[in-house]
Amino acid sequence: MMSDRVAGLMGQLIAVAIALAIGAVIILAVNESPLRVLVTLIDGAFGNPERIAGTLLQMTPILICGIAACISLRGGLFNIGIEGQLFIGGFAATWVGFSFALPPLVHVLFGLAFAALAGMLWIAVPAFFRARFNTNEVVSTILANYVAILLTSYLTINVFKRPGGQPDTPAILESAYLPQIFSFSRLNWGLFIGVALAIGAYLFFTRTARGYAVTEMGANPKFAEYGGIDIKRQTFVLLLVSGAVGGLAGGIESLGVHHRFMEGFAPGFGFDGVIAALLANGSPIGTIVTALFFGALRNGSLLLEVDTTASREIITVIQALIILAVSAQILVRRRASDSTAGERRWKF
Amino acid sequence: MSLAIELKSITKRFGSFVANEDVSLAVERGRIHAIIGENGAGKTTLMNVLFGLLQPDEGEIFIDGEKKVLPNPAAAIAAGIGMVHQHFKLVPSLTVAENVFLGMEIRKGGLIDHKAQIARTAELSQKFGLRVDPGERVGLLSVGIEQRIEILKVLARGARTIILDEPTAVLTPQESRELFQTLRGFVAQGMTVLFISHHLEEVMEVSDTVTVLRHGKEVATRPTAELTKADLVQMMVGRAVSFDRRPRGPVTGKPVLEVSDLWARDERGLQALKGVSFQVRAGEIVGIAGVAGNGQTELAEVLSGLRPASHGTIMLAGQAIQNRSARAIRHAGVAHVPGDRLVRGVDRGASVAQNILMGRQDQSPWSRFGVIDRTYLNEQTKRLISRFDIRTRSPETPVKSLSGGNIQKVVLAREFSGDAGFLLVDQPTRGVDIGATEAIHSEIMRQREAGKAILLISVQLDELIALADRILVMFAGRIMGDLPGEGVSEEAIGLLMAGVESAPAEVA
Amino acid sequence: MEVLERLFNAALIVAMLRTTAPILLVALGGSFTTKAGIFNIGLEGQMLLGAFFAVIGTIVSGSPWIGVLCGVAAALVLAYIFALLVVTFRANEVVVGLALNILASGMTISLMKAIFGTRGSIFGHGLVGLPIIRLPFAKDLGWFGQIISGYTPLVYVAFLAVPVLIIFYKRSRLGLYIRVVGEKPEAAEALGISIARIRYTASLICGVLAGLAGAHLSLGYTTMFTENMSSGRGFMAVAILIFSNGDPLKLLAGCLLFGFSDALSLRMQTTLGVSSYIILAVPYLVALAALFALSYRSRPRLIQETLATMGRALSVKPNGASGS
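Chains as they are written, first to last, in our numbering: chain A, 225 to 572; chain B, 282 to 789; chain C, 908 to 1231.
Next up, chain A with everything else stripped away, as it sits in the complex (with noise of 0.2 Å):
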């Protein structure tokens, strides 16, 4: 069982090494070297305290992403539409946070949990749709991404613009900033929040009757029905948590990062959360390592930018490149585990 395990994370970290080496070569066919990309990266990512701080400050929502992603995973739903949560709670929990004067703590509790409600609610129609009609979430939650991006610009802009020149919200009161914890960068107790939230996600997946039900949902759906679990129920259930850590994601970028909403508001980390978790096999303890690798990349992407020609998006190049080689190396493992049609799991 060990030596499965041991297998699959080998297999796993070939195929990375497989995407770096195709990644190499497409950054030789943009004209620059990929040791000095690497080089710059891990100099970004590592080179001195606040580039740590920094990488753990990317690190933060794409953990937190890569959760919510994984909860969706686990019961065999792929909730693909974090992006848009992720706008959505951020918005939610600014508006809280520049709308009300609370004490201190208090302020910062209620944007999240307004965030996370957010988010929830976000999900909500995909969710009932999905649960009850059986319609593909992957479309429906991708599609109400677009929207998500577009209603909280329209809020940002013609709704809640401050006076200026900015395209971006009045910032948040004092109250609801989610404490920082050094003095030298933005990185904030999120990074605390989500490591608690992989930690709490893997003790439920594996140890309580309720992880139990979702993790059969996910792997033989027709199993747990039999099983007298609720299908509709818990996957209805199960999208509306995906999406509350969705949202939750947002709030903490917004009181803990930006304190404030703009356009263009944390970009892509929904995205990076759906692949990490996926990189991690659903695992999110796995995730941890996942979202810190991807918020490495991003990070040193910075330096990247300003070091050499070229453009910081090559990563999320790299990051496809994984997943595409990732995704292919299952030939290897089908053939050792004998893998039948019939069931659903959603590894790939």
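Since the hints were derived computationally from the structure, they do not count as laboratory data. We put the CB at the ideal spot given by N, CA and C, even for glycine. Don't take each hint at face value.
Claimed, not checked - Derived CB-CB ranges, DEER-like: (1) B:Leu392 x C:Ser968: 32 to 40 Å; (2) A:Ala420 x B:Phe295: 46 to 54 Å; (3) A:Arg410 x C:Gly1024: 27 to 35 Å.
Chains B and C: place on chain A using the hints.
Chains B and C only, in chain A's frame:
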């Protein structure tokens, strides 16, 4: 006497498992040649080798006296061999003619000529006496007609030797008889039929020659007329099995399950149950017989809460449970051994322990305050593994690495270890070897002795006759008759299974 | 009244057909994969890559036609990778599709920066669009002529592809095999039809059409490339494919609905002054509404069931009375 097919010393291995070992087979032209054996005896593997679906590791194939290598089904078809698979491979949204000519379309100017295909299908159907409407969509047709289409497909490809894999498994006795007649028509026209079955009756009825396979080896090939059923059983299993009726005391318990006027629909929205009523008493095994697809699956699903009833009542110990959730029905005291155990009965990727947990994960002492007691689960799993003699390395072993019989024992262990008063047992020994079947039958009898009310759904009549106190026969969503298990004949059940309005005694 | 007249006229239909064409092209491409039983969420990326390379090809060669070929070739490469991973390696199609979309997005932006040193969009650099086709006989047809003439060539390709596809699925061997592979793969396998080959073929044809859709976006619909310019059209196409099941006619109807809502909302922006953010959200909302409304279809069976039960309950007495 010329040979249509001759297989010489065929050996086929899958990894370390030997599916066919040194099997030789000589099939004379113009004969119906049956190949019988238990599940897993290697019948289907051998036929797949002959049809080019599998490559033999050793051995030679001769067709019409000529040595052939069959790398794929196309080569087998070119050599005049056709195969009708056990599971039909028809496309529901296409017409009969489109299905018959799929893969060899008649084309005019590059486009498919639907008219010509319909005409040719009608012609074939006429010639071989297989009635079909060529323009009809296959999705709307019955299983018996689908089989005719499969046979037409083979004929349209010019087959002179037809292999039929378990052709009667899905047919009523009447449809089977019609099929046999068609097959005799084929051999009368000089064709050859290879017929795979494990139904002794049919083999005796229709075949000219029988080859018996056991554990991948050929045991004997004899003219059917020289054999008795007992001989065949002896050869198939290597020892005489007592599928005799299990001894038992009289049923004295009170009714536990009372079903009255139950109606339900299938996936397509058609009535699958049409007013079913019966009761099961404590310490009684009530058997449900019938050809697959006559409402048994739907009945099991409605009773276990997996399918809504559109009308009628189900009372369990005086409590109405129809249209309650699967969970509520489980809690009310229904245990369910599902017919499709690999789909419904287990999570193949999960461990034995995880499979034992299903349905009770939120009950004390399995879990407390929503947290699973893993020590308790492990202990109980170990206890059930020894109690039900499940051959597994540990409670942590994934179920998919167990054999079919042991997977079924995992399901039985879970379902029979609760305190349910009513056990719904659907096809308990399908695809299970003889040894495990015996064990499963004994376990069901033990549950009867323990005073459980048991509904046993099976397509195997010998199983029902061995175990049931009463046998209800289902046909087209209705119960056609209620027969005593004691002293009933397969013939009497068969007549009811075919929907023949019952024997005079029933009219009363 | 006046407002309505300004909103609804022949020009609106023209605008509708223009906005329909790109999504129709990509949806028709997706029809092949849908019919072959592949859930292709990667249409978006194929379209985007097609749009980008169509522009590159045009700038390099000076001919928009060569540009179209480049766009199609690029989309084909992506379609091939999709098929390789999904068909040969049996990877999860949602995961692969999403990854390819992300790849296309990141790659186009990276390449844009590497080649042009800019972000945002590419225009100028000698970029020319596809010519507009004026049908010679259209002038004599009055308003109808106005509607059918004056589009770039790929608009005509998109609409003419619909009847071609209908015949393709009904009468051609490949069309039949694609349907069989999607509906009943075992049947195809038993007849020696290679499932993998058919799925590859379907994926590649899909890539051609998605590439054309992209090329149309950057050389016909507009004459420029913008970051992520496919802006979810590939996903909307997937939504349409889900509820049309890939049938060309239903697909056309779905795409026209989008084209219409798109064209109408653009006009409302100019005539009524609604915020552009709200206007831009309309197509996505229409896609979502259509997806939800049409999945509500499984409703009728429930209603049937209820009616049947009630019917039986009501008819019990007459039956009893007639004495059976």
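Non-conforming hints, listed in increasing numerical order
Of the numbered hints, all hold.
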